[in-house]
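Here's the letter readout for the chains.
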Amino acid sequence: MSDEQFISIQNVSKHFGDVHAVDRVSIDIARGEFFSLLGPSGCGKTTLLRMLAGFEFPTAGEIFIDGQAMSTVAPNHRPVNMVFQSYAIFPHLNVSQNIGYSLRKDKLSKADFNSRVGEMLDLIKLSGYEDRASHELSGGERQRVALARALIRRPKVLLLDEPLGALDKQLREQMQLELRSLQRAVGITFVFVTHDQEEALTMSDRIAVMSKGRYLQIDTPTKLYEAPQNREVADFIGTMNFFDASVQDVGDGQASIDAGPLGKLSVSPGNLAFSSGQAALAAIRPEKISISSEKPSGGHVVEGTMDAAAYLGDRSHFYVRVPGVDKPVAVSAQNIDQTHLHGDGNQGQVWLSWSNDAVVLLNKD
Amino acid sequence: MSTHTSVTGPRFGPLGIYAITYLAFVYIPVMFLPMFSFNDSVFIAFPLKGFTLEWYRALATSDGLIDALYNSVKIAAVVAVLATALGTLAAKAVTRYKIPGRGPVITFIMTPLVIPGIIMGIALLVIVNMLGIEMSVYTIGLGHLLVSTPFSMLIMVSRLEGFDKNLEEASQDLGEGAWRTFWRVTFPLSVPGIIASLLLSFTISFDEFILAFFLGGQDITLPVYIWGQLRFPAKLPVILALGACILAVSFVLVTFAEWFRRRGVQIKTSSGV
Amino acid sequence: MTDRVVSAPDVVTPARLGVVAKYRRAIMRSEALRGYNLLSPTLLFMILFLALPLGLLLVFSFWTQNYLDIDYSFTLANYTKFFDRPVFSYLLGKSILISGSVTIATVILAYPMAYYIAFRVHKHKLVWLILITVPFWTSYLLRVFAWKVILGYNGVINSGLMELGLISEPLEFILYNPFAVVITLAHAWAAFAILPIYVSLEKIDRSLLEAATDLGDTPIMRFFRITLPLSMPGVIAAAMLVFIPTVGDFVTPKMVGGTDGVMIGNVIQSMFGTSHNWPFGASLSIISMTAITIMIVVFLWINRIMRRRA
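Protein chains in written order, with our numbering: chain A, 28 to 392; chain B, 5 to 277; chain C, 56 to 365.
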């Protein structure tokens with residue numbers, strides 16, 4: 028067992044009747060990592076998490092945690108704890124009874140019990156809440172109690188099932204930061220399930236993007252955003268403009284492509300393999316395209332007409348029709364000096380420009 | 005609730021009057037039993053002749069009454085516990101696990117609710133007879149268990165559906181096995197349902213007549229005792245007194261049971277989370 | 056950090072698992088097995104004391120009573136006897152007619168009550184529900200007995216009316232006839248009909264009703280186009296819960312029915328009592344159950360056609 032394979036999911040499948048909720052997934056998660064499973068609902072992320080917790084057993088494959096095979100280990104014997112989406116705070120117990128629920132076996136004295144629970148309450152900044160009934164807690168407080176309850180025995184792995192989903196936006200953003208710093212403080216491996224890409228990008232060391240029971244790409248947030256490996260990932264994370272292109276020549280770390288209306292480009296293929304003559308996709312993020320009403324000098328430039336514009340305060344979104352491209356090109360620009368582009372029913376000419384390294388080359392389909 | 009006043013109507017309209025009338029229709033006939041049990045006349049007829057406790061005094065000295073009462077209580081108590089145990093297990097199985105054939109299994113367990121009592125009675129009578137088992141309080145209990153279990157299961161299903169399945173998973177996740185999880189989480193959260201089930205099963209068995217009539221042999225329960233006494237017109241006032249007592253006990257038990265049951269359900273629907 | 060970690064059992068490879076371990080592993084992996092494990096006591100009990108006895112009753116109906124013994128040879132004699140003697144099918148038909156009237160009366164009377172609790176009562180729903188349900192759980196025998204007291208020759212009604220001087224002789228027609236059976240049963244089963252109807256009314260999304268009003272329905276149109284159709288499952292459940300058990304009732308006819316009010320249940324009971332012909336009693340039960348089942352299938356079928364047409 029190495030630290031890189033602290034959790035090792037090996038060729039795991041889970042079928043519910045004919046539904047393949049998880050389909051031959053292999054993932055290694057390192058010790059101390061904040062790892063996210065990201066995907067739309069029904070992609071298998073929650074099933075995978077529940078298999079880690081032991082509430083579901085794989086139809087095929089094996090899961091190892093810290094070198095131990097989990098297939099014969101019941102949930103109550105696993106070195107993992109979970110924060111449930113609903114928090115599952117026991118309604119008949121108060122806050123300290125909830126947090127100290129798992130201490131029964133230790134047969135602690137009253138004082139020891141209280142001090143253990145007190146430590147956790149300090150950690151989640153709820154000191155003084157010991158005797159509160161569960162129904163007196165707000166959503167954020169319930170979430171913290173669930174967290175403390177799961178961490179009190181210092182599990183090897185903490186599993187979190189969309190724990191921020193029920194909170195309002197402001198609280199959610201605050202909890203994202205707190206959760207991240209808490210994870211650094213306790214040094215426990217976190218496996219986090221979410222459908223919210225922003226949440227995953229903010230908190231995770233690495234993210235597995237999942238779809239239809241399989242993962243599409245496992246990478247750091249930066250890599251996922253800047254260098255998606257396929258169209259689905261590029262589409263799911265952020266917004267992406269796609270242009271049909273054909274590969275003309277593959278050289279040393281460079282590929283020349285003909286992107287039709289955008290002209291000929293020289294781009295980095297990343298770690299994907301392309302061959303000459305192959306059909307491909309050139310992808311550019313909206314914020315990597317510059318927009319101006321006058322033709323800029325130098326760089327790759329293409330002319331278009333403004334289709335629609337949305338003013339968002341700090342930035343604007345523009346949709347520009349470019350001859351020969353089916354969908355309007357999305358452009359996102361900081362509102363430093365772009366307000367003139369928002370004129371009433373502006374149907375005018377605009378110029379789009381970008382640099383070579385803004386372009387990501389992807390396989391078609 | 006108040007946001008939908010446009011589709012609701014006045015509380016005290018014709019419908020309200022109807023509701024009160026309906027309640028009267030349900031309650032008044034039954035109320036004649038206690039009323040005439042205090043009437044100082046052997047004839048159950050108007051006008052009332054005056055107040056007496058004579059019939060209640062006669063109850064205490066009635067032959068066989070104490071035996072019947074003892075049988076009824078004994079059967080009802082055992083049936084209440086067993087029906088609640090069976091109902092709880094079955095309710096947990098169908099609410100917590102995805103099991104194939106869930107629908108047919110539930111329908112099967114619920115069939116005693118829709119089979120005429122007489123047919124259940126004779127079917128059990130036939131099998132008990134063929135197995136050569138002597139009819140007694142035990143065979144009555146068997147029959148009562150059969151009719152109480154579906155009710156217990158219904159009560160427990162709605163109770164178990166009333167709280168988050170994740171609570172039990174959380175307990176397991178926090179290191180407790182199935183048995184401990186039951187005692188630390190499932191049981192305390194099901195207590196209102198369990199009490200309701202115990203009280204209702206007790207009352208069903210205590211009041212049940214048809215199965216006890218067919219399956220009792222020499223052992224008789226209170227309702228069978230009453231049935232036997234109905235042949236003697238002179239004993240009617242005593243039976244009224246007995247009936248009034250049984251009604252009073254049943255009312256108290258059932259009111260408690262319903263209160264526990266429905267309060268539990270209401271808490272679940274009103275708290276949301 | 057490791058000192059507090061929950062310990063896990065040693066890794067066991069599948070090949071080395073013993074039988075018990077294999078069973079445990081199967082139980083752990085299969086929800087269905089765990090579910091049926093829990094279900095097994097109840098299911099076993101029901102199979103032994105419900106399915107088996109009913110099956111045996113069916114077998115019994117093909118045997119015959121030979122004075123004090125049972126003749127175990129297979130025969131349809133009991134069934135031919137039923138169809139040869141019109142009195143039995145007449146009694147069965149009458150029972151179904153009485154139960155049918157009881158069912159219709161009960162459901163029609165119960166519906167407005169359920170509607171009232173579901174739509175008009177806001178604060179005290181709990182109280183109303185308890186008030187309605189409590190009598191249902193109390194002694195059936197006593198509730199029937201109460202009607203004997205009310206309808207009897209010297210009963211509440213007759214003595215009351217005579218006391219008021221409205222009649223000089225007790226009315227004889229109010230007790231010991233089918234009508235007395237109907238009213239007694241309707242009263243005894245009242246609560247049973249209210250609950251399922253109430254539940255289905257309560258489930259109706261109130262915004263559907265608002266939408267109907269918004270689209271121009273009057274309250275009465277709205278009731279017939281939205282509320283009633285959506286509460287039909289409750290009405291059907293109520294009808295079945297009342298109809299099935301009342302067909303076989305023998306307590307009420309015996310207490311208030313007199314000779315005209317005799318139902319099939321009384322005959323079945325006498326076959327297991329004074330007449331002592333168990334096999335024929337068994338076949339009467341089987342025939343009654345079959346008739347009930349046919350009635351229900353027809354009822355559901357008509358309901359489905361009506362719904363499709365609506």
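By construction, these hints were calculated from the structure, which means they are not laboratory data. Honestly, I wouldn't trust all of these hints.
Only pairs whose alpha carbons sit at most 30 Å apart, straight line, appear in this in silico BS3-like list of lysine-lysine [to be verified]:
hint, chain 1, residue 1, chain 2, residue 2
1, C, Lys149, C, Lys258
2, B, Lys239, C, Lys309
3, B, Lys78, A, Lys132
4, A, Lys134, B, Lys169
5, B, Lys169, C, Lys258
6, A, Lys322, A, Lys239
7, B, Lys239, C, Lys203
8, A, Lys196, B, Lys169
9, B, Lys169, C, Lys309
10, A, Lys137, A, Lys152
11, C, Lys203, B, Lys102
What you are looking at is a predicted structure, and each value in this text was computed from that prediction instead of being measured.
Results of checking the hints against the structure:
1. Lys149/C <-> Lys258/C: violated (36 Å)
2. Lys239/B <-> Lys309/C: Roughly 18 Å separates the two Cα atoms, so the pair holds.
3. Lys78/B <-> Lys132/A: It is violated: about 40 Å lies between the C-alpha atoms, which goes past 30 Å.
4. Lys134/A <-> Lys169/B: holds (27 Å)
5. Lys169/B <-> Lys258/C: holds (22 Å)
6. Lys322/A <-> Lys239/A: It is violated: about 44 Å lies between the C-alpha atoms, which goes past 30 Å.
7. Lys239/B <-> Lys203/C: Status holds; Cα separation ~15 Å.
8. Lys196/A <-> Lys169/B: Given that 30 Å is the threshold and the Cα spacing comes to 27 Å, the pair holds.
9. Lys169/B <-> Lys309/C: Not OK: Lys169/B and Lys309/C at ~49 Å, beyond 30 Å, violated.
10. Lys137/A <-> Lys152/A: Satisfied, since the Cα-Cα distance of roughly 22 Å is no more than 30 Å.
11. Lys203/C <-> Lys102/B: violated (50 Å)
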